[in-house]
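Colleague: The whole structure should be built from the sequences, with the hints applied where relevant.
Protein chains in written order, with the working numbering: chain F, 1 to 469; chain H, 1001 to 1206.
Honestly, the hints are just simulated from the structure, not real lab data.
Note that this is a predicted model, so its numbers are computed, not measured.
A portion of the hints provided could be inaccurate.
Unchecked claim - Straight line, CA to CA, 25 Å or less: simulated DMTMM-like cross-link-like pairs of lysine to aspartate or glutamate:
(1) 176(F) x 400(F)
(2) 164(F) x 1176(H)
(3) 164(F) x 1175(H)
(4) 318(F) x 1191(H)
(5) 1034(H) x 1092(H)
(6) 6(F) x 1197(H)
(7) 4(F) x 256(F)
(8) 1006(H) x 1069(H)
(9) 1040(H) x 81(F)
(10) 6(F) x 240(F)
(11) 266(F) x 209(F)
(12) 1195(H) x 10(F)
(13) 1134(H) x 316(F)
(14) 1195(H) x 58(F)
(15) 176(F) x 240(F)
(16) 167(F) x 1188(H)
(17) 318(F) x 1057(H)
(18) 266(F) x 10(F)
(19) 318(F) x 1044(H)
(20) 1040(H) x 45(F)
(21) 167(F) x 1168(H)
(22) 1034(H) x 81(F)
(23) 164(F) x 1197(H)
(24) 164(F) x 1163(H)
(25) 1134(H) x 283(F)
(26) 167(F) x 283(F)
(27) 1195(H) x 256(F)
(28) 266(F) x 239(F)
(29) 1034(H) x 95(F)
(30) 266(F) x 1191(H)
(31) 167(F) x 1163(H)
(32) 11(F) x 259(F)
(33) 1006(H) x 1197(H)
(34) 167(F) x 277(F)
(35) 11(F) x 1197(H)
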Amino acid sequence: MQEKPKTLFDKVWNAHVVEQLTDGTCILYIDRHLVHEVTSPQAFEGLRAAGRSVRRPDATIAVVDHNIPTSDRSLPIIEPESLLQVETLERNVAEFGVPYFPVRDIRQGIVHIIGPEQGLSLPGATIVCGDSHTATHGALSALAFGIGTSEVEHVLATQTLLQKPAKNMLVRVDGKLAPGCSAKDIVLAIIGRIGTAGGTGHVIEFAGEAIRALDMAGRMTVCNMAIEGGARAGMIAPDETTFAYVNGRPFAPQGEAFDAAVAYWKTLPSDSGAIYDITVVLDAATIVPQVTWGTNPEAVADITGLVPDPAAEPDEAKRAQMQRMLSYMGLTPGQKLTDIAIDVVFIGSCTNGRIEDIRAAAAVARGRKVAPGVRALVVPGSGTVKQQAEAEGLDLVLREAGFEWREAGCSMCLGMNPDKLTAGQRCASTSNRNFEGRQGPGGRTHLLSPAMAAAAAVTGRLTDVRELV
Amino acid sequence: MQPFTKLTGVAASLPLANVDTDKIIPARFLKTIKRTGLGKNLFDTLRYDETGAERPEFVLNQPAYRNAEILIAHENFGCGSSREHAPWALLDFGIRCVIAPDFADIFHANCFKNGILPVRLPRGICDQLMEDSKMGGNSRVSVDLERQVVVRPSGEEIPFQIDPFRRELLLGGLDDIDQTLQHAPAIDSYEARGKAERAWMPSITV
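Modeller: So, in structure tokens, the structure goes:
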């Protein structure tokens, strides 16, 4: 009898099942555990209380990202609670022998930027982190997902998780993306289509010509936001783009080990005839630059469009939600999106803090000036990204245009460090969430691509970047 | 972890869909190294105005619901981040059961680790329970995990489904790690096997 065709997810899952328990719950082996300062203190405390150790320090890497200021690194952290979390992580990694990139290490950065960058995230691996944007690493054909702190403790103690297999969802983006559009526009369009809960209980495999054509940075942007569509993880099949990206990275296998790995990785793409529980198809040619207008990522529209009118929404609950969103966002139904003036621009985050993103922003900023009254921040995703951008002179281009050039960290994505919005401020942001108060209490977020963010910075309003290039 | 067997208490309704984890507990309150003490900032922006004063219209600020132990909400409750601070904040406030049409995956998993029971019931039933909850302190709802039923104030029983493994852990107040460590020999042999099969996966040393 022929074996049932398997998806990429099925293959990676099956290769990591240690044991299947009675009701289908599996003990799933974890290859890589990424640890940061916010969601780990209670986990280490739990280990200590139970007298347990870290089972595989050599499969674990720790870094600080959420709390740290992105200003001068030679200065101490002023906020006492942030400092306490950073110091607690440093004490824990020392006590439990966990590898760690310290704040002043060039390799320090946002956990989801440094994993792929350092070759820690590998195809076919299971990767977890106490952070929902762990989905990012699925761009490398890893099964990567966010977990809570109790699960962080579980992985530290056992190197496994208790999990039931997810369902399979295929999102296929056919055709070619038009100039001026990017991976961010693809994923925002996908979320606009499936909704914030469209992927609940599923792992999304992103496929199709437009996904294949993306570089690894773009693929990471797409997988990063799988969670914003409710999915547990996003994955993209490995190909030559993947192998070329991994080859030569510091923590990746080298030489013969790399060749052996590639031979295995080539067996991972979904079999033809594999069955998906849900399939969604988009045509890349119809995608135009996207921008969110509401307070969840599915509230997204074409930049050429208008702020929607709740009166046109037949469902009462949805209408009420739209009204609430527009009121929070300070927008009027029917207003042109390109008429919305902004106060702040944030370019960075695990969604768009890679060198390719900074290049895209700099290309728009070159020879232009940030509009009067607008504060524009560019925050590289890691020390390595920052170094590379400076080697290319991108920092100068951006500084000359009036952008702030900062140190690596999560920065204004989530308002846990000094970079945050004040009440009523409106931000064009390359981050991943536009929830109420996400970038600071009362702050208003419009999600968009790095090129679109740079365009907004120089015009002072939401702008169709295609008019500037 | 405190076992969850049967809970009878006041139910409060939050008739909102997509209640995200930033709404449950904003990021600025995650700078703690403890699991406790987050209850005062549960639903912070819904609960308090800019000056820090309570918003009287918010359900958990109303006298009848200050001691609510059950929360009823709409679709996709707990979407967004993986922060376990969200269930910690609910628990610290005193909420041990959330009833909604569906939940975001990570939040759903996090509840079980903390003795909170998330119950999935169809939207129509959630709306009925919200209607019941208008009786305030008289709206005492029972959630019986052993029998897998929610009992309305009228006495009507509504059955619910739950994953058997998670139910068992919750009923016994059992620690996941203890459960998994009973299978330590299987993990040992998986690792031994993996050493040969995945020799290409390097160890991390910095």
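Colleague: Each hint: holds or not?
Modeller: Here is what the structure says about each hint:
1. 176(F) x 400(F): 34 Å, violated
2. 164(F) x 1176(H): 14 Å, holds
3. 164(F) x 1175(H): With Cα atoms ~18 Å apart, residue 164(F) and residue 1175(H) stay inside 25 Å; holds.
4. 318(F) x 1191(H): 49 Å, violated
5. 1034(H) x 1092(H): 12 Å, holds
6. 6(F) x 1197(H): Holds, because 20 Å separates the two Cα atoms, which is no more than 25 Å.
7. 4(F) x 256(F): This hinted pair is violated, its Cα atoms lying about 32 Å apart.
8. 1006(H) x 1069(H): Measuring from Cα to Cα gives roughly 12 Å; hence the hint holds.
9. 1040(H) x 81(F): Holds, at about 17 Å.
10. 6(F) x 240(F): Distance of about 21 Å is within 25 Å: holds.
11. 266(F) x 209(F): Judged against 25 Å, a Cα distance of about 19 Å means the pair holds.
12. 1195(H) x 10(F): 21 Å, holds
13. 1134(H) x 316(F): It holds: about 20 Å lies between the C-alpha atoms, which stays within 25 Å.
14. 1195(H) x 58(F): The given pair, whose Cα atoms are some 13 Å apart, holds under the 25 Å limit.
15. 176(F) x 240(F): Given that 25 Å is the threshold and the Cα spacing comes to 19 Å, the pair holds.
16. 167(F) x 1188(H): Status violated; Cα separation ~28 Å.
17. 318(F) x 1057(H): At roughly 21 Å apart (the allowed maximum being 25 Å), residue 1057(H) and residue 318(F) satisfy the hint.
18. 266(F) x 10(F): 15 Å, holds
19. 318(F) x 1044(H): Distance of about 23 Å is within 25 Å: holds.
20. 1040(H) x 45(F): 23 Å, holds
21. 167(F) x 1168(H): At roughly 23 Å apart (the allowed maximum being 25 Å), residue 1168(H) and residue 167(F) satisfy the hint.
22. 1034(H) x 81(F): 12 Å, holds
23. 164(F) x 1197(H): At roughly 24 Å apart (the allowed maximum being 25 Å), residue 1197(H) and residue 164(F) satisfy the hint.
24. 164(F) x 1163(H): Given pair residue 164(F), residue 1163(H) holds - Cα atoms ~10 Å apart, limit 25 Å.
25. 1134(H) x 283(F): 48 Å, violated
26. 167(F) x 283(F): Holds - the C-alpha atoms of residue 283(F) and residue 167(F) are around 24 Å apart, at most 25 Å.
27. 1195(H) x 256(F): Distance ~16 Å between residue 1195(H) and residue 256(F) Cα, so the pair holds.
28. 266(F) x 239(F): 7 Å, holds
29. 1034(H) x 95(F): Satisfied, since the Cα-Cα distance of roughly 18 Å is no more than 25 Å.
30. 266(F) x 1191(H): 23 Å, holds
31. 167(F) x 1163(H): It holds: about 16 Å lies between the C-alpha atoms, which stays within 25 Å.
32. 11(F) x 259(F): Cα-Cα ~20 Å, so holds.
33. 1006(H) x 1197(H): Violated, because 47 Å separates the two Cα atoms, which is more than 25 Å.
34. 167(F) x 277(F): 6 Å, holds
35. 11(F) x 1197(H): OK: residue 11(F) and residue 1197(H) at ~14 Å, within 25 Å.
Of the numbered hints given earlier, the model fails hints 1, 4, 7, 16, 25, 33; all others are met.
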